[in-house]
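The chain contents come next:
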Amino acid sequence: MSNQAKLIKFFERNILNYRVPKDINILYFLGAILLFLIIVQIMSGIGLAIHYVPSSSEAFLSISRMLKDYPYSWIVKSLHSNGASLMFVFLYFHIFKAMYYGAYRDSRNLTWYVGSVIYLVLCIESFMGYVLPWGQMSYWAAVVITNFIEAVPLVGKHLKLIFIGDYVIGDKLLRRFFVFHCVLPFILIILILYHVYIIHTTGQKGTRLMQSSMFFSYNKFWPKILNYELFAFTAYTFSLWVIILIFPNLFNSIENLSPASVHKTPDNIKPEWYFLPFYSILKGFESKTFGIISVVLIIVLFVLNPILNPSYNKFDKLLCFILFLSLILLAYAGQFSNKLCIIIIRFCFSYTMFYFLFPLFRIFGITFVKCVINKHL
Amino acid sequence: MMKRLIIDITSSHFFSILVCITTIFNFGVMIWPVIVQFLPNSELESKNNFIVNLSKIAPGKCELLSWKGIPIFIKNRLIFEIRKARSTDFFALKDKLARNSNLASNAKAFDRNRCAGKKLENWLIMFASCTHLGCIPVERINQGWYCYCHNSHYDLAGRILSGPSVRNLIVPKYKIINNILIINE
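For the record, the sequence lines run as chains A and B.
152 is the number that my numbering gives to position 152 of the first sequence; each next residue is one higher, with no gaps.
23 is the number that my numbering gives to position 23 of the second sequence; each next residue is one higher, with no gaps.
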């Protein structure tokens, strides 16, 4: 077959005649909107990076200068910062959809692993992006997180030096972050394309409990699903524009509007809202090492979710919903630091551990009981 | 009934066209500001005048000043230099146009069209950028300017005598008021 025919067949099979189960809802179109948002981030990032100066004395001023002198630069800046926050909103809903409908089991394990890597890379990318404007919150968030790198047992201090490039957070760290912030999107795009490719080999999983095959009760992508997708697209970008035009400072911290000052720590340091669950877990433990171990543990358990939760029934759906509610509660309680919030944090943290580890205990418990029974027979 | 209504609307032809138009509009509105960022900001440039106090420049001295990266010669010519510039043969000049932004574009390259005007013939203000490829010429005493890059010779009024350049040194738009020079745009 000629190359042209192969290309047309690929296009037909994966885009025009791609089979999508009939029982999907609007949450299933979050993948497309996330891809669109990444492209928006790259474009607006280019628009910002041509004015930005990655020097600790010039960074804040360069952004102010850009906003003052160039028309529509406020749109570009707002798109980039609010786009990042919205991307995390949609990403959390996307993960919720995957966990709620069990779209990580059996043949879809690799999708989940690649997706979790995408999530971690996105976290690093957005953290670096948050540090770049060099406002008060940016600087002190960088200080706090690099101090946590130091808490790694043996190599902590050396790791911190390698990460920062100096003994103090300053110009060198900023330049490094700018370089990696501009380079990581390439890796992200490769990972996302791989993610989409894997999904196209297995097919989407519908909302029903049983695994839906690609060959029963499907719709073809063109034209019905594309129509639905463009509508979902419009609805999601409407939310983006509402935030940019009506609530532009919804995700902003007032502290970040003043340039970074080494002498004054802001009263209420907290990271951006999408890191608040991890931040509150760190707060819940008094010891620094235990906090970090538990955060790392949660991330590892999250990545290994397909192994830990292989079964799927209605009760799992309920547990997943309660998990996300507890994560929201965790994030909300992480902003404050009174005793009640610490109790709530510990409660929510134990529930997340229960959610991931209980099936293991159940399996071990069953095998243990079986061994005991076999021994006595 | 609501579900039936929603299905009817969302599967109609008009709705799908509307959605397509909104997505294209979305793309455009997101990309247009990014494209605008690449354009130079001319608003900022034009309001920026360059003000020099001419009493600081002694007679016979040629100052090389930088106006936002653009080099400018300001020369306070002595009388014999003015006389020498006016005595060059007009028809021996390579470029017969004055290249003075304060005058019409077809003004001839006489010395009176190159200097600052009546009663201000001692002031010669030019862009210090060789018209060949942009190097800064070096002042040669009693002879004008010489560009080392490709051997262009300019006379005491900044006009090209020999060398690869085709045009005289360009004179910017300026005003002299009360011994203060204002160069704008």
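Worth flagging that the hints you see were computed from the coordinates, not collected in a lab.
Computed from a predicted structure; not experimentally measured.
Just so you know, not all the hints are guaranteed correct.
[To be verified] Below, a sample of chain A positions facing chain B; criterion: calculated Cβ distance under 10 Å:
#	residue
1	66
2	72
3	79
4	151
Even for Gly, the Cβ is constructed at its ideal location relative to N, Cα and C.
Against the structure, the hints:
no.	hint	verdict
1	66	holds, 8 Å
2	72	holds, 4 Å
3	79	holds, 6 Å
4	151	violated, 40 Å
The structure shown violates just one earlier hint, number 4.
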